[in-house]
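Participant: Single-letter residue listing:
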Amino acid sequence: MSPRRTDIGGRIDRLKTIRFTFDGVAYTGHAGDTLASALLAKGVTLFGRSFKYHRPRGVLTAGVEEPNALVTVLKGEVREPNLPATMVEIHDGLVAVSQNRFPSLAWDVNAINQLGGKILSAGFYYKTFMGPVFGPLKGTRFWMFCEHFIRRAAGLGRAGSAKDPARYERMNAFCDVLVVGSGPAGMMAAKAAADQGARVILADLEPRFGGSANWSGETIDGAAATDWVRRTVVQLEARDNVRLLPRTTVWGYYDNNTLAALERVSDHKEQPAKGEPRHRYWAIRAKSVVIAAGAFERPLVFPGNDRPGVMLAHAAERYANEFGVLPGERIALFTNNDSAYRAALALKKAGAAIVAIADVRPEISGEMHKLAMEAEAEVLAGHAVVATEGGKALSGLKVQRFDMVTGALSGDARSIHADCLLMSGGWSPTIHLASQAGARAEWNAARQAFLPPKPTPNSALQRWIGAGAFNGSFSTIEAIAEGRAAGLAAAGGTAAPAALPTVEPAPGNPDPAPVFEIKAKGKAFVDFQHDVTSEDVRLAHREGFVSVEHLKRYTTLGMATDQGKSSNVPGLSIMAEALGKPIPEVGTTRFRPPFAPVSIGSLAAERFGDLKPERLTPMHDWHTANGATMYSAGLWYRPMIYGLSGETIEQAYVREARATRESAGIVDVSTLGKIAVQGPDAAQFLDRVYTNMFSTLAVGKARYGLMLREDGFAFDDGTTWRLGEQDFLMTTTTANAGKVMQHLEYFLDVIWPDLRVHVTSVTDEWAGAAIGGPKARAILASCVTGTAVDNAALPFMGIVHGEIAGASVMICRLSFSGEMAFEVYSGAGHGTHVWEALIEAGKPFGLVTYGLEALGTMRIEKGHVTGAEIDGRTTARDLHLDWMLSKKKPFIGSAMMDREGLVASDRLELVGLIALDNRPLNGGAHIVEELDEANPHGSIGHITACCYSPALGKHIALALVKGGKARHGSRAHVSDPLRNRFGPVEIVSNHFYDPEGTRMHG
Amino acid sequence: MLITCPYCGPRDVIEYTYQGDGNRERPDPASQNFEAWNAYVYDRLNPAGDHNEIWQHSGGCRAHLRVVRNTLTHEISSVAFASGDHHAPAARRKAEDKP
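Protein chains in written order, with the numbering used here: chain Z, 1 to 1002; chain D, 10001 to 10099.
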């Protein structure tokens, strides 16, 4: 047992030894320890280096508000930075390292920044990184050069780049009463609400329920407070209307009483159980919420208040009572209130020597004198700490007479030898959730704290009730009474059947003296994590910042990962004094979610990893079994190529496209969006939706259609087939299927409810195979029964019904590849059967399967547009589709498409490009008239799609270029500095291949 | 945010898609009044307070709803079918019948 570890007491299990490392050094602790308590027990005082000045820092607190002792935990290759050592539960094999130090924690070269404190004051970046610099690094380049080094020197932990292998999950929960915090108030609220039969969730961010009862040393109902808590937890666990969530931080309060919480399920385990997530994100819908989140103790602001060994008084009390750890052997205290005296006595009882209690107040009550006497501590009333001494650990401090009213120091400084200084500057209720819910905090002059407003008629959207220290009721007696009242009220009950648990009244006055700062020589820290001193706050005031929001941004006070949990009120009080205004007039900033840092993984949850949804076509298994390399397109998986062994992607698609143009190819087109448009007014509806006419389309024929948005830009294209007088089958692009469906539904539902039309998404009902090439018709003729497929029976854009291998099919003769081609649709369940029959029938004709790459190549050769060209910024005219704009009828977008800007002559228009240097082109590359590799400029457009064209034997591309057609036959250059691709191109028509369409018309 | 769909009952906002400002008036399709079209496509009120909006229950029954939502508090004061009674089902369940 180490000398700092007490023999008895606390929640730790001294029989279980746990081994872990910190900065590569092996340590042991006990089950129940946090990293902070285990290291303190081993006499470690130095935990990290500060953000800006690289000052040595120790542990300030014992909980979630810790600003100093931030560590990085390593799990294999995965590193999680900025974890408070006070919240990391140790387990065998835990590897933790300190942060922001180079080369080591004990010996840090950047500690020299402490000497430059005057330079690194508030607004350093704003003042320094402006103004002209001359020479080779002119303009902002010099500052960007500096930034690299400053960013390395200032900061927190480093994020990792390894992929996080952990699993995360999301839970939706519903309850009548959510209780946040499980101290005596929360415990009573949960019990009272559960006794009324309400469905209760009790959440606490600590691993163990009980809050202050775990360390107060009080007696509740005749038992130690810890036993009372354990008994109550057992009672709650036995109830099936109560869910207990330990290690769960409620971090967000949203409207409709929706709360967000993060449960750290397995961080504290060496190995998570099988299938167990690391974190679980809870979305909790609560009918009402009891906020029993407690309060944070505040530091006092005095020179050297950040030295390792200076700690909050209650934190030391927690370490002694809850973990059996003494943070020092000779302990001094500095306080403005009575609560520190109880801490002194607790530490005395645990075995420390209390050398002195410096109290800013000139008069101390008899009760407090009595506690001090029991602790054998000298009381220095009307004194303040003005300096601390020591390097990586505290060795002593200096006190001086202090006048609380004027703030003046007098008399000689007296030195006190101590290895630990505890401070208490009063308490601030944890009002964050109430603030998120929209409540305006109210300044209470007696408590010197912002309190949540008293329960007002809560809106239906936010129903919460506060209890205990959250309300500024700091005694356990009050917490128990308010907790039960809140639990009853939240559950809608009124009865108070049994007597309240009895608690010995704790001595002391809850109101602190209004002292936040001791003005003496030296750096006095307000925000420990961002290294903001009291002088920085005053400097901000002198430079004209009067709003608390501006103060925050200029000094960065309260903007670190701890979000100013310990620094907000001291910072405000210093600002208020500088402004000569009372604190409530300066106001407080509003808290936003999250209350504490939240893992991004927990928010993504199942949307990432194995459980992400995917869409597979009916023929998916056939593709993967037959050598397809699959490509993910949105949620869909589609064959990219069917590569032969040894083939590159380019060799594969060139072979597939060439074979299709020479004999025949087949491609899975099941992913195309398909919408059944049916009803007496279906044709009229399509006339309004498409730019061209559909009411004139004969039954058994299909037509290519184009849709615009209301603002006149192109939206989507596809073919629509008239299967019956009132029955159309619309196809859309794969990517836009959902959007087009919503577009149609919106117009039918909101704009034209009088139209008798139904739209139904049938994408997943049909399997589609497109078969094209000079031999395509012969292949179909050899396997289709029940219909002829010759030119008379099945002309271009004609539709026939028949059978293939016994399965009903619908065949439409249309072409995307530019060859004589047919789309064969069957019920999804017959998809693979029909596909295999077509493959079999095609064997004698040299039929190949082709994937997206060959499909894309053939469409580029034909100059057809897809989503790459219909990009939301192009019009029908830009894409040379103006022949489809009917003048006989209005349609969606017709009124806006002729606006000045949409018909301007310098718009980007679709063209084709041929690489004159016979090298591959890149999508996204810019087109310029004059090449300037050193200083790329003067873009006249960009490439939207490119490929090697086997039909032309050239590298070609589609592009959107200013002037478009007028440039056909002229030369330009590609300018792609990112990929260092520059070279000459010829601008040509987008119809590279068979512009007359003789091949597809046959 | 919860929206009470007249068909499906109270459902989380995650099930809905915002389909735009409900105050827009679509001009006569044949109209060439450019001012009116411009107002319909681009002009929005952006009020601080009650706002008339169209939402689609896209993750549910897919009906379009006219919702009055307070943009400051997210309080929803009314929900109705966007198409008036056109969609009212014969056996329409009251919202309070659903848990």
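Just so you know, these hints were derived from the structure itself, not from any lab.
A portion of the hints provided could be inaccurate.
Computed from the model, here is a short list of chain D residues facing chain Z with C-beta under 7 Å [stated by the list, open to error]:
{"id": "1", "residue": "10019"}
{"id": "2", "residue": "10029"}
{"id": "3", "residue": "10041"}
{"id": "4", "residue": "10044"}
{"id": "5", "residue": "10045"}
{"id": "6", "residue": "10059"}
{"id": "7", "residue": "10060"}
{"id": "8", "residue": "10061"}
{"id": "9", "residue": "10064"}
{"id": "10", "residue": "10068"}
{"id": "11", "residue": "10074"}
{"id": "12", "residue": "10083"}
Computed from a prediction, not measured in an experiment: that's the story for all the values here.
Using N, Cα and C, we set each Cβ at its ideal position, and we do this for glycine too.
Participant: Holds or violated: is the Cβ of residue 10019 (chain D) closer than 7 Å to a Cβ in chain Z?
Facilitator: holds, 6 Å
Participant: Should the interface hint for residue 10041 (chain D) be scored as holding, given a Cβ-Cβ cut-off of 7 Å against chain Z?
Facilitator: holds, 5 Å
Participant: Classify the hint on residue 10029 (chain D) as holds or violated, based on whether any CB of chain Z lies nearer than 7 Å to its CB.
Facilitator: holds, 4 Å
Participant: Residue 10044 (chain D) was flagged as interface toward chain Z. Is the shortest Cβ-Cβ separation under 7 Å?
Facilitator: violated, 13 Å
Participant: For the hint on residue 10060 (chain D), does the least C-beta distance to chain Z fall short of 7 Å?
Facilitator: Since the shortest Cβ distance to chain Z is 13 Å, the answer is violated.
Participant: Identify whether the interface hint at residue 10068 (chain D) stands, where standing means a beta carbon of chain Z within less than 7 Å of its own.
Facilitator: This interface hint is violated because 15 Å lies over the 7 Å limit.
Participant: Per the CB criterion, is residue 10083 (chain D) less than 7 Å away from chain Z?
Facilitator: For residue 10083 (chain D), the interface hint holds, since the closest Cβ of chain Z sits about 4 Å away, which is under 7 Å.
Participant: Classify the hint on residue 10045 (chain D) as holds or violated, based on whether any CB of chain Z lies nearer than 7 Å to its CB.
Facilitator: violated, 18 Å
Participant: Is the hint on residue 10074 (chain D) kept, meaning its closest Cβ partner in chain Z is under 7 Å away?
Facilitator: Residue 10074 (chain D) check passes; min Cβ-Cβ to chain Z is 4 Å, inside 7 Å.
Participant: Please verify that hint: residue 10064 (chain D), Cβ, nearest Cβ of chain Z, below 7 Å or not.
Facilitator: The hint holds - residue 10064 (chain D) has a Cβ within 7 Å of chain Z, the shortest such distance being about 4 Å.
Participant: Grab the minimum C-beta distance from residue 10061 (chain D) to chain Z and call the hint holds if it beats 7 Å, violated otherwise.
Facilitator: Hint violated; residue 10061 (chain D) Cβ to chain Z Cβ min 11 Å, cut 7 Å.
Participant: Would the stated hint for residue 10059 (chain D) survive a check requiring a Cβ distance to chain Z of less than 7 Å?
Facilitator: violated, 12 Å
Comparing the model with each earlier hint shows violations of hints 4, 5, 6, 7, 8, 10; every other hint is respected.
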